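Number of protein chains: 2
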Amino acid sequence: MATATQVELTEDQLTLIAKALADPRRYEILKKISAQTCCTPCSSMRDCFDIAPATLSHHMKELETAGLIHSEKEGKFVNYKPRPEVLRAYLTRLKSDLA
Amino acid sequence: MATATQVELTEDQLTLIAKALADPRRYEILKKISAQTCCTPCSSMRDCFDIAPATLSHHMKELETAGLIHSEKEGKFVNYKPRPEVLRAYLTRLKSDLA
DNA sequence: TCGATATTTCGACAACCATCGAATTGATGT
DNA sequence: ACATCAATTCGATGGTTGTCGAAATATCGA
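In the order they appear, the protein sequences are chains A and B. At position 9 of the first sequence (counting the first as 1) the number is 9 in my numbering, and the numbers step up by one without a gap. With positions in the second sequence counted from 1, the corresponding number in my numbering is that position plus 100.
Note that these hints are calculated values from the structure, not bench results. Since we're looking at a predicted model, the values are computed, not measured. Honestly, I wouldn't trust all of these hints.
Said to hold, decoys possible - With the C-beta cut set under 8 Å, the calculated list includes, among others, these residues of chain A facing chain B:
1) K31
2) L91
3) L94
4) K95
What the hints assert, rightly or not - In silico DSS-like links for lysine-lysine, alpha-carbon gap of 27 Å or less:
5) K95(A) to K181(B)
6) K95(A) to K195(B)
7) K119(B) to K95(A)
By construction, the Cβ of each residue, glycine as well, lies at the ideal position given by its N, Cα and C atoms.
The whole structure should be built from the sequences, with the hints applied where relevant.
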């Protein structure tokens with residue numbers, strides 16, 4: 001059975017997530033990763049977003065630090081997966097705090 | 101019957117809301133306003149948050165510009181009300197974009 | 001009108017952040 | 001070992017933003 005793990009967010013994480021979502025470019029990146037059913041390679045993002053490698057790397061780190069995505073090295077490449085539990089926890093928290 | 105008005109968010113509003121939520125102090129302020137069943141006077145916030153008047157005024161403007169609250173002058177005072185439709189629209193949008 | 005109080009605006013400052021070029025690290029194939 | 005390619009780190013730069021003191025604006029009561 002699918003374990004419906006309830007993720008608990010610290011105050012810091014709450015802020016990190018909000019900040020991660022607050023940059024339009026980062027939002028679009030996360031949107032793309034979330035739309036993918038499987039992993040998203042880093043290089044595929046570079047084609048989409050017309051962005052400098054350094055900038056992309058920076059944004060990916062922010063998203064990962066916030067806990068919104070997970071990265072996995074595959075040889076020379078890096079693949080990204082969304083972490084829906086964390087987003088769900090964020091939505092739940094907003095609803096509970098600000099409903 | 102309660103009109104379930106569906107609020108549509110522009111890209112700019114989306115960013116404004118995310119930014120508004122990304123500052124911890126502002127988040128706490130909004131939390132307090134949302135918890136209130138009725139209006140929240142500006143002065144009552146000053147007691148709670150140990151904040152300079154100028155800073156508070158700045159944050160309130162940000163929250164209002166984002167559309168998350170509504171302000172009303174009452175003589176010398178200002179009262180604030182949450183705008184749950186806007187928050188709801190934001191949650192809906194996040195869910196639809198990033199689910 | 002005058003003084004007190006509530007809130008906003010202005011101006012400044014420091015910290016933060018998005019951006020990118022250049023240099024670096026790390027893996028792959030030859 | 002070497003060249004190549006993917007991705008990260010470093011360093012710098014310009015723009016944004018949270019903060020607050022001081023001044024301005026607005027309202028009220030005396």
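Holds or violated: K95(A) to K195(B), with C-alpha atoms at most 27 Å apart: At roughly 12 Å apart (the allowed maximum being 27 Å), K195(B) and K95(A) satisfy the hint.
Holds or violated: is there a CB of chain B closer than 8 Å to the CB of L91(A)? With a closest approach of 6 Å, the L91(A) hint holds.
For the hint on L94(A), does the least C-beta distance to chain B fall short of 8 Å? Interface hint status for L94(A): holds (6 Å vs cutoff 8 Å).
Interface hint outcome for K95(A) [beta carbon to chain B under 8 Å]: 7 Å, holds
K119(B) and K95(A): Cα distance at most 27 Å? 17 Å, holds
Verify the proposed pairing of K95(A) with K181(B), using a straight-line Cα cut of 27 Å. 17 Å, holds
Is the hint on K31(A) kept, meaning its closest Cβ partner in chain B is under 8 Å away? 5 Å, holds
Hint compliance for this structure: no hint is broken.
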